[in-house]
Amino acid sequence: MSRVQLALNVDDIDAAVDFYSTLFDTEPAKRRPGYANFAVENPPLKLVLFENAGATGTLNHVGVERSSMEEVQAEADRLEAAGLTLDVEGDVVCCYARQDKHWVTGPDGQRWENYVVLADAHPELEGKASAELTQLECADDAAAGGCCAGFENADRAGAERVEVTR
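Quick note: the sequence shown uses UniProt numbering, first residue 1, plus one each step.
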């Protein structure tokens, strides 16, 4: 199953979690300091919240969560064939999960992410460089847009990419 992802910046993660738990009648699927995500069944939605004081109410990014790497690749192939430029991230740790993903940028600068979650990541790996994992500075750089804001914001936040060895 694919579902649309909506990532929002919020001032107070606890207040936002309380509100969205009530709104969608579900608890977060994942909760970390300054971060929460919901896997809403009806309507199918991946809602991601980033505590990002001062950016309240602004869109962090949008995306589509796919159910397999094959779906991510098929979408990448389709978008490239249509002439769009992709920023491809292979096996990365972002938003407390190992992911394969790519980004495209809309005509007005909106960053769209197509991704699949490969596995949950240990919180201590978030935002730290490792010789074995590709990571972006997520947790510590949430105020600058966080890892999931795409390369543009991640670069501004001083994020570091390290190639994966499998």
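Everything labelled a hint here was simulated from the structure, so no lab data went into it.
Please note: incorrect hints may appear among the correct ones.
Cβ-Cβ distance ranges computed for the label pairs, FRET-style [as the list claims (entries may be wrong)]: (1) G83 x L59: 22 to 28 Å; (2) A81 x A15: 40 to 46 Å; (3) A81 x E41: 29 to 35 Å; (4) L118 x E27: 29 to 35 Å; (5) L84 x L118: 31 to 37 Å; (6) A82 x V62: 17 to 23 Å; (7) D18 x S68: 16 to 22 Å; (8) A81 x F19: 36 to 42 Å; (9) T26 x V88: 29 to 35 Å; (10) G90 x D14: 30 to 36 Å.
Even glycine gets a Cβ: it sits at the ideal position worked out from N, Cα and C.
- Among the hints numbered above, which are violated by the structure, and what are their numbers in rising order? 4, 5 and 7
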